[in-house]
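Asks: Sequence:
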Amino acid sequence: MTGRRRALKFVLTVLLLGSGWPVVWGGELWVGSTTVDITPPRPVALEGQFHTRVANQVETPLLAAILVLEARENDQTRDHAVMVSCDLVGIPEPVLQKVRNRISQSIPQISPEKVVLSATHTHTAPVVTEGKYVIPDSGVMTVSEYVSFFVDRVVEAVQKAWQNRQVAQLGYGFGYTVVGHNRRAVYADGHAVMYGRTDVPDFRHLESGIDPAVQVLFFADRSGTLLAMAIDVACPSQEVEGRSTVHADYWHFVRQEIWRQLGRKVDILPWCGAAGDLSPHLLLRKAAEERMLRLRGLDSLQEIARRISETVMDVYNVARQELYSDVPFEHNVLNLELPLRAVTAEEAQAAREEGAKLADKPALRMKMLWHQRVAERYERQQEISPDQWKQSYEIHVMRIGDVAIATNPFELFGDFGLQIQARSKATQTFVIQLAGAGTYLATDRAVAAGGYSAVVESTEVSPEGGQILVDRTVEAINTLFGQ
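Mapping of the sequence shown onto our numbering: residues 2 to 484, in sequence order.
No wet-lab data here; the hints were simulated from the structure.
Even for Gly, the Cβ is constructed at its ideal location relative to N, Cα and C.
Incorrect hints may have been included.
[What the hints assert, rightly or not] Restraint ranges, calculated between C-beta atoms of paired labels, are given here: (1) Glu377 to Leu283: 35 to 45 Å; (2) Ala343 to Asp203: 24 to 34 Å; (3) Thr246 to Leu296: 24 to 34 Å; (4) Asn75 to Asp388: 43 to 53 Å.
Using the sequences provided together with the hints, build the complete structure.
Replies: Here's what the structure looks like:
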């Protein structure tokens, strides 16, 4: 930067700071990326259902994709982010901390809090939370063994991505296709059932709408060669969630098709948008869908991949006409105190009774704990005042050029995600859920209607906390983009 330009920038900075506007200057954007196989090398217990499942077969590999973003000015790092997308159900805090600690030791230039792990929410990936299931004593990887394997692979991949970072250009765009469907059926008396029947006289409607956007963020080198691509779809990766095999679900087939067209050197990060009440499963027009699949000669996974990949390629071919260099980049980490959902005495008693029924059924340990935690929450709740019944949750908000990225650790109901996008001052806003363990965060109307995903066992944070999350996220985004 020339002396004249530095002087001008200093004057403008003083003026902007005096006006109260944020100062987010453009600079060189450096990007590094890679992809690593996190498929378990031995049989493993699977996470995502109430009962214990052991996978002795690998149907598709599981992957973790790493994206390193670094803003440089005068050859100095001004800000950075390390984003890791994993074919897992969720990212429990102990796993995140293990990854952060190891990265901090091996790459001191990376701030641990700037490392973000998110999950695609495939229900056919290894268990990564201790004590959740009763796992066979022999012939199966323990949770700690798989977590150690996972951490080793991810940290090694982050080191590689950090080492190969280079000056890059930003591209982005979006298109539409339908992948996620609302999975909560509402009936005449107002109650809701996840995956409830719709072919009965008292069915009235699905609880909410969907988000059909397929959002694409990509990075190219100075010559325009594609390096990495993030794809944000508001739908968890759980089309084949009930299988007892290792499987990355529909994202495996999306990656395969995009790689067929763009080459394997492109690193693909699948991101799950706000979709706590959405899934790829159909509640309507099932017979019509099956007929169309038969006529196409595809199964449901291939059909989902066809829709996503066609939209992604269309978006990429349009958006690559306009690439951006020297873009503003800033990454802020917020810890939000969110009100927890109050547990009633009646809910606590019902949970105790349901948990007791499962106490002698080790295969259903997770379901027993699901109920037991409600009773434990009720006891803790009695020990503190209602205004202190809160918990801190980590979110990340980034600005890259005219794009915003906002993460949260929940299975966030879609209405919350749409609010964030609608109120954001960014040209395009990527909402990434499951950057954490992934408890549901349901809306007021969902809690009123009940049903799995909205009952007290499913949710930690209250609907009020969901609105606070939205408001604070929007405020953090818009601060980066000026008032």
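Asks: Taking 24 to 34 Å as the stated bounds, is the beta-carbon spacing between Thr246 and Leu296 within them?
Replies: Distance hint for Thr246, Leu296 holds at roughly 27 Å.
Asks: Does the Cβ-Cβ separation between Glu377 and Leu283 fall within 35 to 45 Å?
Replies: Taking Cβ atoms as reference, Glu377 and Leu283 lie about 37 Å apart, which means the hint holds.
Asks: Against the range 24 to 34 Å, how does the distance between the Cβ atoms of Ala343 and Asp203 compare: consistent or not?
Replies: Since the Cβ atoms of Ala343 and Asp203 sit about 30 Å apart, the hinted range of 24 to 34 Å holds.
Asks: A range of 43 to 53 Å was offered for this pair. Does it hold for the Cβ distance of Asn75 and Asp388?
Replies: Check passed, 47 Å falls within 43 to 53 Å.
Hint check: no violations occur; every hint is consistent with the structure.
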